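If you want the building blocks of each chain, they are given just below.
Number of protein chains: 2
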Amino acid sequence: MALAGGVGGAKLAAGLQAALPPGALTVIVNTGDDFEHWGLHICPDLDTVMYNLASVENPATGWGRRGDTFTTLAAMELLGGEDWFRLGDLDLAVHLRRTEWLRQGIHLTEVTDRLRRAFGVLSTILPMSDQPVRTLVHTDEGDLPFQHYFVRRRCEPCVIDVTFVGADSATLTDAIQHALDRADLIVLCPSNPYLSIDPILSVGGMRRRLRHLRAPKVAVAPIVGGRALKGPAAKMMVEMGHEVSPRTVADHYGDLLSGFVLDQADAEMAEAIDVPVMVTDTIMSDLKSKTRLAQTVLDFGLQLAAGHRQPAPKGSPETQS
Amino acid sequence: MALAGGVGGAKLAAGLQAALPPGALTVIVNTGDDFEHWGLHICPDLDTVMYNLASVENPATGWGRRGDTFTTLAAMELLGGEDWFRLGDLDLAVHLRRTEWLRQGIHLTEVTDRLRRAFGVLSTILPMSDQPVRTLVHTDEGDLPFQHYFVRRRCEPCVIDVTFVGADSATLTDAIQHALDRADLIVLCPSNPYLSIDPILSVGGMRRRLRHLRAPKVAVAPIVGGRALKGPAAKMMVEMGHEVSPRTVADHYGDLLSGFVLDQADAEMAEAIDVPVMVTDTIMSDLKSKTRLAQTVLDFGLQLAAGHRQPAPKGSPETQS
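Going line by line, the protein sequences match chains A and B. Residues 17 to 337, numbered by the numbering used here, are exactly what the first sequence covers, in order. Residues 17 to 337, numbered by the numbering used here, are exactly what the second sequence covers, in order.
Keep in mind that the hints were calculated from the coordinates and are not lab data. Nothing here was measured: the structure is a model prediction, and the numbers come from that model. Ideal placement from N, C-alpha and C gives every residue a C-beta, glycine not left out. Treat each hint with caution, since some may be false.
As the list claims (entries may be wrong) - A partial selection of chain A residues facing chain B, derived with a Cβ cut-off under 8 Å: (1) Gly97; (2) Leu108; (3) Thr115.
This is chain A alone, in the form it adopts within the complex (with noise of 0.2 Å):
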């Protein structure tokens, strides 16, 4: 099972399915970003892990659909309607669909089923819960929902925080408890921890429920030689006055892990993180590496499981590069 936020994450997540037998992988997204827009639903993490999963994302950017178009933007900008978030033509059919389907009182876990099947993908794609979690970015230019300070400000202002409205109430749905009872290993995909995996860990019994579990938890430096891969990780690590560097992810995350692993180019780093480290290239360019990078972790995960029942031998995983 896989915790995944947008487009870090999604790469991994396609790897997993990749390198796992078809229909084993679950991946739990992140929902915190989701947001009102033209009056539709939209589910950005969500989509960018199935338009990865379903092998048609742009992979110039990541997210949206290759070889979109964007004639409904064009004219939506003539009527004056708001068009700093990019929805693409071919994207917008998911939006339209997601939103009958909930306005019809269909929860976001059954939509998000049928959408993926419509795209033939054979992973369980998870709605960290049915209920809504905002995320709001505390910053020094105010509080902003996410999106605002995501896409509209560019992640330009200085984060001081990030709250996650709704998640104190917000549950597990059926199928995450199910999933998780279920697990061999819990992979945090190398997603940003505070905007995409954070929102996960937050909703209501998730990050208890996660650390009784006895699958081990593996979690994906997203910072690789002092630099976020993609987004404003880094920055605000800087700005919340952390160092930027993997040690930072995995001492976030803290007890929750049972192991961590990071990109050869922090190697000098296993030294200082307090759980089981296991040395690769991180860096996901094309499917093969994203299938490489899925199939050393799942091996790490076993070895950990196998650490778990018997004394870890001399030199392993601690010391594998």
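Dock chain B against chain A, hints included.
Just chain B now, with coordinates in the frame of chain A:
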């Protein structure tokens, strides 16, 4: 002022707009065809009139937008969405914007005004009511909502009757009341009398209000040479046991009319019609022919208004051609 449904009405409205000073025309438009599709509020006749007045209509169909594409529709088909009503990508922007505004509680009259301004239309376009009125077609296959009869079933079922659900409790808007007070001439456009003009007349008080107006009321026949120029008007006349002729239209409107315009192909009918008749070429193939017909209708209206004040001179306008 013009009362209009879709394509035929929109064509004459475009001619009237060209013949009158900028901003002088008001068109009251049928909303009995409105429906929800893909979770959006679709107003087919309002859009057809607006697109024609903005000169962005698809000349091949008379409805929809010129040069539109169907990318979202194709994607919706793959998602199992309804695909029997062809919404184009440019067109879609209007439905999204309208639905967004309506959900914010803005009345359809105001929404329609915002849209026509965004399209640079100087004429006023008024929905027949801000309350929902739904045309229900009673057929030998049962009761069908208008679009299901018209688009989905392609007018194939045999029509027994037509009713307008909600018409009794719907009220005339202030904008319509005000426009009626100021109207010099009321033109019943060559739209389907049963499906396009009757819904407008059925809104609470509209028929009585028109009857008491001093301004002449002139209808243009949508039947030429025993055939409907567009749509199922002729087929419906047969099914409801009427002669397929302009006379059936004139009889249908009855004492509401001050004058009637019919095509030269039906010149011999003039004698059989109870109100003053203008015979002219009513076929509208381009803006020139639309404007010419509009000018003829306007001149006829002036004559009727003059005749209302003094006895009509011999041989005019009944025998004019």
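Those earlier numbered hints the structure runs against, lowest number first: none
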